[in-house]
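J.: Each chain, written out:
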Amino acid sequence: MAPEIESDRAELDINDDYKYGFHDPEKAVFKSQKGINHELLDQMSDMKDEPDWMRQFRHDSLNTFLAKPMPRWGNVDLLNSIDFDDIYYYLKPVEEQGRTWDDVPEDIKNTFDKLGIPEAERKFLAGVSAQYESEVVYHSLQEELEKQGVVFLSMDDGLKQHEDLVKKHWATVIPPADNKFAALNSAVWSGGSFVYVPPGIEVAIPLQAYFRINAENMGQFERTLLIADEGSRVHYIEGCTAPTYVSDSLHSAVVELVALPGSHLRYTTIQNWSKNVYNLVTKRAIAHENATVEWVDGNLGSKLTMKFPCVYLVGEGAHGEILSIAFANEGQHQDAGAKMIHAAPKTTSRITSKSISKGGGRASYRGMVKVYPGAVGSKVHVECDALLMGEDSRSDTYPTMEIAEDRVQVEHEARVSKIGDEQLFYLMSRGLSEEEALVMVVNGFIEPFVKELPMEYAVELNRLIQLEMEGSVG
Amino acid sequence: MSDSNQPLLEVKNLRVAIEGKEILRGVDLVINPGEIHAVMGRNGSGKSTMAYVLMGHPHYEVLEGSVLYKGQDLLELDTDERARLGMFLAFQYPMAIPGVTVAKFLHSALKAHSESGEVAVRDFRTSLKGAMELLGVDSTFANRYVNDGFSGGEKKRLEILQMFMLEPGLCVLDETDSGLDIDALKTVAEGVNAMRSEDRSMLMITHYQRLLNYVTPDVVHVMMDGRIVRTGGIELAETLEERGYEWLEEEMFAAAEGNEGVSAKA
Chain A
11 MAPEIESDRA
21 ELDINDDYKY
31 GFHDPEKAVF
41 KSQKGINHEL
51 LDQMSDMKDE
61 PDWMRQFRHD
71 SLNTFLAKPM
81 PRWGNVDLLN
91 SIDFDDIYYY
101 LKPVEEQGRT
111 WDDVPEDIKN
121 TFDKLGIPEA
131 ERKFLAGVSA
141 QYESEVVYHS
151 LQEELEKQGV
161 VFLSMDDGLK
171 QHEDLVKKHW
181 ATVIPPADNK
191 FAALNSAVWS
201 GGSFVYVPPG
211 IEVAIPLQAY
221 FRINAENMGQ
231 FERTLLIADE
241 GSRVHYIEGC
251 TAPTYVSDSL
261 HSAVVELVAL
271 PGSHLRYTTI
281 QNWSKNVYNL
291 VTKRAIAHEN
301 ATVEWVDGNL
311 GSKLTMKFPC
321 VYLVGEGAHG
331 EILSIAFANE
341 GQHQDAGAKM
351 IHAAPKTTSR
361 ITSKSISKGG
371 GRASYRGMVK
381 VYPGAVGSKV
391 HVECDALLMG
401 EDSRSDTYPT
411 MEIAEDRVQV
421 EHEARVSKIG
431 DEQLFYLMSR
441 GLSEEEALVM
451 VVNGFIEPFV
461 KELPMEYAVE
471 LNRLIQLEME
481 GSVG
Chain B
3 MSDSNQPLLE
13 VKNLRVAIEG
23 KEILRGVDLV
33 INPGEIHAVM
43 GRNGSGKSTM
53 AYVLMGHPHY
63 EVLEGSVLYK
73 GQDLLELDTD
83 ERARLGMFLA
93 FQYPMAIPGV
103 TVAKFLHSAL
113 KAHSESGEVA
123 VRDFRTSLKG
133 AMELLGVDST
143 FANRYVNDGF
153 SGGEKKRLEI
163 LQMFMLEPGL
173 CVLDETDSGL
183 DIDALKTVAE
193 GVNAMRSEDR
203 SMLMITHYQR
213 LLNYVTPDVV
223 HVMMDGRIVR
233 TGGIELAETL
243 EERGYEWLEE
253 EMFAAAEGNE
263 GVSAKA
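Chains A and B, in that order, are what the protein sequence lines are. Going by the working numbering, the letters in the first sequence line up with residues 11 to 484, in that order. Going by the working numbering, the letters in the second sequence line up with residues 3 to 268, in that order.
Among the clues, some could well be false.
If the Cβ cut is set under 7 Å, some of the chain A residues that face chain B in the computed set are [as the list claims (entries may be wrong)]: (1) His172; (2) Ser427; (3) Lys428; (4) Ile429; (5) Gln433; (6) Phe435; (7) Gly441; (8) Glu445; (9) Met450; (10) Gly454; (11) Phe455; (12) Glu457; (13) Phe459; (14) Leu463.
In silico lysine-lysine, DSBU-like type, Cα no more than 35 Å apart, as pairs [claimed, not checked]: (15) Lys428/A with Lys113/B; (16) Lys124/A with Lys37/A; (17) Lys178/A with Lys29/A; (18) Lys113/B with Lys285/A; (19) Lys356/A with Lys133/A; (20) Lys188/B with Lys133/A; (21) Lys133/A with Lys285/A; (22) Lys133/A with Lys131/B; (23) Lys113/B with Lys124/A; (24) Lys58/A with Lys157/A; (25) Lys113/B with Lys29/A; (26) Lys119/A with Lys313/A; (27) Lys102/A with Lys170/A; (28) Lys461/A with Lys113/B.
Quick list of simulated restraints, FRET-style, between CB atoms [what the hints assert, rightly or not]: (29) Gln43/A with Glu120/B: 54 to 62 Å; (30) Glu173/A with Asp150/B: 37 to 45 Å; (31) Glu120/B with Arg425/A: 34 to 42 Å.
Keep in mind that the hints were calculated from the coordinates and are not lab data. Cβ atoms here follow ideal geometry from the backbone N, Cα and C, with glycine treated the same way.
Using the sequences and the accompanying hints, generate a full structural model.
T.: See below:
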């Protein structure tokens, strides 16, 4: 048999800077005052014509947010430097959501063109949602999926058109009181996606949502709820970028996944915020009997990311998988990790975390595995790999394991490595420059992650890594 | 490019240290185009150091001497520049690059060697397939991660495969025969023989005569204590095989004493 030879996925294409750092002139149809208060919430609820329970939910959540102290763990200094009064919480860019790209204002359309979204949609996506500031400005779903009863809407439209379904699951996975930023999101949420896949339906190609912040000092608080009904299958991908500004922006999303019995739900993120964005996100899934939830989570950009995707394995035989990479470059702290909660027998989980710290960047792995009594026959596998480049780069690991059941199998491996001179010498002896050699080792390091991505994303990720690696040879 | 009388490699009075300890203590070596040289010697005699220094390993410090490749000063160049000039080192202990497939690695290396920086995927596949068939390398090799979990024999086969694909002007083989079973040794030898040509030279560093049974060198050197102490033909290797290194050491020792005696009298 002829050998299957894998060719290069990423062609080397070197750019000078963060490619997505451009911004458009602001032409919002509504922009709130800076700061957060109850009037703003009423304003938003009025504009969105929301049911009373949602209005009340916002107000209650704001009270929770105001009452809750800032987390006293993680990068406390950076967290405390966030000025909540200096943020625009709601910015409505357009009057109406577009059904075709022609409906989207020229500036915004151009932005998404530059980000390659319409092209990706034509080529390999089943549905696309594009959020600009606080609202989804474009939305599409393949007709065939629509006929099968698949729902893929902006969260606002989901609430309007499927209120009962939304209400049934809303904030059941992540209650507002979960943490300060979940409470903030619950108060001022806008945009995000609502996905429902009916029983037995398999969505063969991915749905994608793209989040773009454009305005300075903007806060983006999208809210996403995905429900995979029994025996269904879906893959959802999100990407995000923002312009490079001197002052900081805040992105604080809440993502709730409900995987009903026997379903398979995969959620892939390629986060590439500019390096002035605080990315403080709560992501959690509930996996029922024999359901599988996979978080594939790539974190490159941002100033500070705190993100710990979680799976509650509540039904027998449920399986959770979290595969993440974090790339912390100069001036960045990637505080990423994973949580697995085993609350039923024969549940299995696997956490694979890979981090790269370079040029003084800091990557932390913060993990929690909890096995409740009675989760007999469960299996846990945790693997953390850190790659350190440069003298002042930093990598920390904070793994927590609470195992309250004896009849389980738990494995944990952690490794920290540096790129060795011998490895570089070997690659350079084959003609690769030092920088090419470094990029190759790093791309190899994250290969277990990259190979889980659709081809187009793999290419993009390899290219982003290439950009991050520029100037690594002093 | 170079006149026909110019040696391919010319090493003069090369002195090299690592961590302050002098390992090469004045090596002279001339390799002409098309020649196969063998350097033999005991462990610790400086053979592998010579291989590393020729390729520009960053841990070694050149104290004195010169190395010219096609008349160009190699010591001025970084490792990757030497590689692109036509130098190749088959490693004694090749490094693993987890997550990088052999195919991707080789394609990148070939692109680095090409003037345009490009090698069409189709051409690459064809030549890789051909090389693997010729060297009897299993086709699954291409999609495995470079040296990751490879057996000793597989690693050496991969070194030869790389050498074959990159078509270097000077192949330095650092103990490529060590730790190989007879089949792997034959693969290596076949690869080396298949690559013999008028304008390609080889420098085989070896501890034993084993490889030399399959690849006949034009010149054999013996290295001892950081110097090349004897140069001859294949018969020198045969003598070493029969008598070991002791006779040579004794001869050297006697000569040194003799010299001392002479200088004492003078």
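J.: Would you mind marking each hint as holding or not holding in the structure?
T.: Here's how the hints hold up against the structure:
Evaluation of the His172/A hint against chain B yields a violated restraint, the C-beta minimum of about 43 Å exceeding 7 Å. For Ser427/A, the interface hint is violated, since its Cβ never comes within 7 Å of a Cβ in chain B; the closest pair sits about 10 Å apart. For Lys428/A, the interface hint is violated, since its Cβ never comes within 7 Å of a Cβ in chain B; the closest pair sits about 14 Å apart. Hint on Ile429/A is violated. Least Cβ distance to chain B is approximately 10 Å, over the 7 Å limit.
The interface hint given for Gln433/A is met, as the beta carbon of that residue sits about 5 Å from the closest beta carbon of chain B, less than 7 Å. Annotation: interface hint on Phe435/A holds; nearest CB of chain B at approximately 6 Å, less than 7 Å. A cut of 7 Å between beta carbons decides the hint on Gly441/A: the least distance to chain B is about 4 Å, and the hint holds. The beta carbon of Glu445/A is not positioned within 7 Å of any beta carbon in chain B (closest approach about 10 Å), and the interface hint is therefore violated.
Evaluation of the Met450/A hint against chain B yields a held restraint, the C-beta minimum of about 6 Å falling below 7 Å. Checking Gly454/A against chain B by beta carbon gives a least distance of about 3 Å; that is within 7 Å, so the hint holds. The beta carbon of Phe455/A is positioned within 7 Å of a beta carbon in chain B (closest approach about 6 Å), and the interface hint is therefore held. Evaluation of the Glu457/A hint against chain B yields a held restraint, the C-beta minimum of about 3 Å falling below 7 Å.
Evaluation of the Phe459/A hint against chain B yields a violated restraint, the C-beta minimum of about 9 Å exceeding 7 Å. Restraint check, Leu463/A versus chain B: the minimum CB separation of about 14 Å is more than 7 Å; hint violated. With a CA separation close to 26 Å, the supplied pair Lys428/A and Lys113/B stays within the 35 Å bound. Note on Lys124/A and Lys37/A: the hinted pairing holds, with a Cα-Cα distance of about 19 Å set against a maximum of 35 Å.
Distance check on the hinted pair: Lys178/A and Lys29/A sit about 41 Å apart at the alpha-carbon level, beyond 35 Å; violated. Our distance criterion of 35 Å between C-alpha atoms is met by Lys113/B and Lys285/A, whose separation comes to about 33 Å. Restraint check for Lys356/A and Lys133/A: the C-alpha separation of about 40 Å exceeds 35 Å, so the hint is violated. Proximity of Lys188/B to Lys133/A is assessed by CA-CA distance (about 50 Å); at most 35 Å being required, the pair is judged violated.
Taking the CA atoms of Lys133/A and Lys285/A, the gap is near 30 Å; set against the 35 Å cutoff, the hint holds. A C-alpha spacing of about 32 Å is found between Lys133/A and Lys131/B, which places the hinted pair at or below 35 Å, so the restraint holds. Taking the CA atoms of Lys113/B and Lys124/A, the gap is about 29 Å. The hint holds against a cut of 35 Å. At most 35 Å may separate the alpha-carbon atoms for a hinted pair to count; Lys58/A and Lys157/A meet this at roughly 27 Å.
A hinted pair counts as satisfied when its Cα atoms are at most 35 Å apart, and Lys113/B with Lys29/A qualifies at roughly 26 Å. For the suggested pair Lys119/A and Lys313/A, the alpha carbons sit about 27 Å apart, so the restraint of at most 35 Å is met. For the given pair, Lys102/A sits about 18 Å from Lys170/A by alpha-carbon distance, which is consistent with the 35 Å threshold. Between Lys461/A and Lys113/B the CA atoms are separated by roughly 23 Å; this keeps the pair inside 35 Å, and the hint holds.
Between Gln43/A and Glu120/B the C-beta distance comes to about 55 Å, which sits within the given range of 54 to 62 Å. At about 53 Å, the beta-carbon gap between Glu173/A and Asp150/B misses the expected band of 37 to 45 Å. Between Glu120/B and Arg425/A, the C-beta spacing of about 36 Å keeps the proposed range 34 to 42 Å intact.
In summary, the numbered hints that this structure violates are 1, 2, 3, 4, 8, 13, 14, 17, 19, 20 and 30.
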